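Engineer: With the sequences and hints as input, model every part of the structure.
Position in the sequence shown counted from 1, then plus 1, gives you the working numbering.
A hint or two may mislead.
Below are the PhoX-like pairs computed for lysine-lysine, each with C-alpha atoms no more than 25 Å apart in a straight line [unchecked claim]:
(1) K36 - K67
(2) K242 - K229
(3) K57 - K36
(4) K148 - K257
(5) K36 - K50
(6) K145 - K242
(7) K20 - K50
(8) K145 - K229
(9) K148 - K242
(10) K32 - K20
(11) K32 - K57
(12) K50 - K67
(13) K257 - K145
(14) K20 - K57
(15) K20 - K67
(16) K145 - K239
(17) K257 - K229
(18) K67 - K33
(19) K36 - K20
(20) K50 - K63
(21) K239 - K257
(22) K32 - K63
(23) K257 - K233
(24) K229 - K239
(25) K33 - K20
(26) K63 - K20
(27) K67 - K32
(28) K57 - K67
(29) K36 - K63
(30) K33 - K63
Using C-beta positions, here's what the derived DEER-type ranges look like [unchecked claim]:
(31) S160 - H260: 19 to 25 Å
(32) S263 - G221: 15 to 21 Å
(33) L208 - P133: 39 to 45 Å
(34) P217 - F245: 23 to 29 Å
(35) V244 - G221: 23 to 29 Å
(36) E258 - Y213: 23 to 29 Å
Rather than coming from a laboratory, the hints here were simulated on the basis of the structure. Only a predicted model underlies this, so the values are computations on that prediction, with no experimental measurement involved. Every residue, glycine too, gets a C-beta built ideally from N, C-alpha and C.
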Amino acid sequence: MPQIRCPHCGARINLESRKETDFRMILASLKKGPKTFTDLLRATELPRKTLSLRLKELRELKLIVKDGGYRLNDEPPSNLGGEMLERLNKPVLFTRKRVIVLFLILCIAIPVSSYVQANILPKEEKQEEITPTVYYGNLTVAVKIQKVQDLFTWQVKLSYDPEELVFLEAWRGDFFGKDEILSGIFAKDKYGKEYGIENWLVIGDTLIGNYYQHIPGVNGSGTLAIVKFAIKIPTVPKTPKIVFDQDTFLLNSYGKELHSASSMLSVERM
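Structural biologist: As structure tokens, this is what we get:
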């Protein structure tokens, strides 16, 4: 069986097999309908000289007819060998160009799919375990007042170390005679954001007046409020302190400020 060497890859090609492959490509294209010579050039990608030779051979075999273009013979010769007809009717799966294109597609698709899988598809994120905050007990302090006259309204600003303490709650002392949760608690979220301070809170309380008659304030000494903190450190924390600025004041029943608040107010551990 005559063979030639491929000038591109060096492989030996069987000429008979090559001819049959060319025949099948041409016949497969003509099965879709009549074609011109140019159409067959594009469909088979054969060299012009080779295609012309194959078309001549197929006409001699009376498998195709040339009448302006090329088409299949509706009545192929009965004397053509059955084995040859069977070989020619086998489908052409891939031309050389199709094989190369398929190979390139696979080469491109593999890294692209890897990139998509690595960068686009959602990754399973490990859920970080949230470690609960550990506190080392509580610190309770009392805001005291000494020897005051006609106290009707009060407000106190307490500073503390946020690295050591966490504010929990505050409630009234016995000075106004009501042991209940203070409604006038102004936490750091309200004032801290405004002034950029995060280590203090403001608490306060007042008696209720009467428009028709004067109600006097309370005289004497006692506990204005009790404040509770959680301790964040294993050692003894610093005691909160009163900040004597515009946020700390004492008012009498006439709405006037009582002076010497710094001498009357104090904070004590309980």
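Engineer: Against each hint, give a clear statement of whether it holds in the structure.
Structural biologist: Now for the hints, and whether the structure bears them out:
For the given pair, K36 sits about 10 Å from K67 by alpha-carbon distance, which is consistent with the 25 Å threshold. For the given pair, K242 sits about 14 Å from K229 by alpha-carbon distance, which is consistent with the 25 Å threshold. The straight-line distance between the Cα atoms of K57 and K36 is roughly 15 Å, inside the 25 Å bound, and the hint therefore holds. Taken as a hint, the K148 and K257 pair is honoured in the structure, with Cα atoms around 17 Å apart against an allowance of 25 Å.
This hinted pair checks out: K36 and K50 have alpha carbons roughly 17 Å apart, not beyond 25 Å. As the CA atoms of K145 and K242 are separated by approximately 12 Å, the hinted pair is consistent with the 25 Å bound. Only pairs whose Cα atoms come within 25 Å are accepted, and K20 paired with K50 is accepted, the gap being roughly 13 Å. Distance restraint check for K145 and K229: the Cα-Cα separation of roughly 15 Å lies within the 25 Å cut-off, and the hinted pair is therefore satisfied.
Distance restraint check for K148 and K242: the Cα-Cα separation of roughly 20 Å lies within the 25 Å cut-off, and the hinted pair is therefore satisfied. Restraint check for K32 and K20: the C-alpha separation of about 18 Å stays at or below 25 Å, so the hint holds. Between K32 and K57 the alpha-carbon distance is near 18 Å, which keeps this suggested pair within the 25 Å criterion. For the hint pairing K50 with K67, the CA-to-CA distance comes to about 17 Å; that is within 25 Å, so the pair holds.
Of the supplied pair hints, the one linking K257 and K145 holds, its CA atoms being roughly 21 Å apart against a limit of 25 Å. Taken as a hint, the K20 and K57 pair is honoured in the structure, with Cα atoms around 12 Å apart against an allowance of 25 Å. Pair hint K20 plus K67 holds up; C-alpha atoms about 20 Å apart against a cutoff of 25 Å. Distance restraint check for K145 and K239: the Cα-Cα separation of roughly 18 Å lies within the 25 Å cut-off, and the hinted pair is therefore satisfied.
A hinted pair counts as satisfied when its Cα atoms are at most 25 Å apart, and K257 with K229 does not qualify at roughly 30 Å. Distance hint between K67 and K33 is fulfilled; the C-alpha atoms sit about 16 Å from each other, no more than 25 Å. Of the supplied pair hints, the one linking K36 and K20 holds, its CA atoms being roughly 20 Å apart against a limit of 25 Å. Taken as a hint, the K50 and K63 pair is honoured in the structure, with Cα atoms around 20 Å apart against an allowance of 25 Å.
This hinted pair does not check out: K239 and K257 have alpha carbons roughly 33 Å apart, beyond 25 Å. For the given pair, K32 sits about 15 Å from K63 by alpha-carbon distance, which is consistent with the 25 Å threshold. Note on K257 and K233: the hinted pairing is violated, with a Cα-Cα distance of about 40 Å set against a maximum of 25 Å. A distance of roughly 14 Å separates the Cα atoms of K229 and K239; the hinted pair therefore holds under the 25 Å criterion.
Of the supplied pair hints, the one linking K33 and K20 holds, its CA atoms being roughly 21 Å apart against a limit of 25 Å. With a C-alpha separation of about 16 Å, the suggested pairing of K63 with K20 holds against the 25 Å cut-off. Distance check on the hinted pair: K67 and K32 sit about 14 Å apart at the alpha-carbon level, within 25 Å; holds. With a C-alpha separation of about 10 Å, the suggested pair K57 and K67 falls inside the 25 Å cut-off, and the hint holds.
In summary, the hint linking K36 to K63 is supported, as the alpha carbons are separated by about 16 Å, within the 25 Å threshold. The hinted pair formed by K33 and K63 meets the criterion: a straight-line CA distance of about 18 Å does not exceed 25 Å. Between S160 and H260 the beta carbon distance is about 22 Å. The supplied range of 19 to 25 Å therefore holds. The given range of 15 to 21 Å is respected by S263 and G221, whose C-beta atoms sit roughly 18 Å from each other.
Distance hint for L208 and P133: a CB-CB separation of about 42 Å, consistent with the stated range 39 to 45 Å. Range check, P217 to F245: Cβ separation about 26 Å, and the 23 to 29 Å hint holds. Distance hint check: the CB atoms of V244 and G221 are about 24 Å apart, consistent with the given range 23 to 29 Å. The supplied range of 23 to 29 Å is met by E258 and Y213, whose beta-carbon atoms lie about 25 Å from each other.
Going down the numbered hints, you'll see the structure goes against 17, 21, 23, while the others check out.
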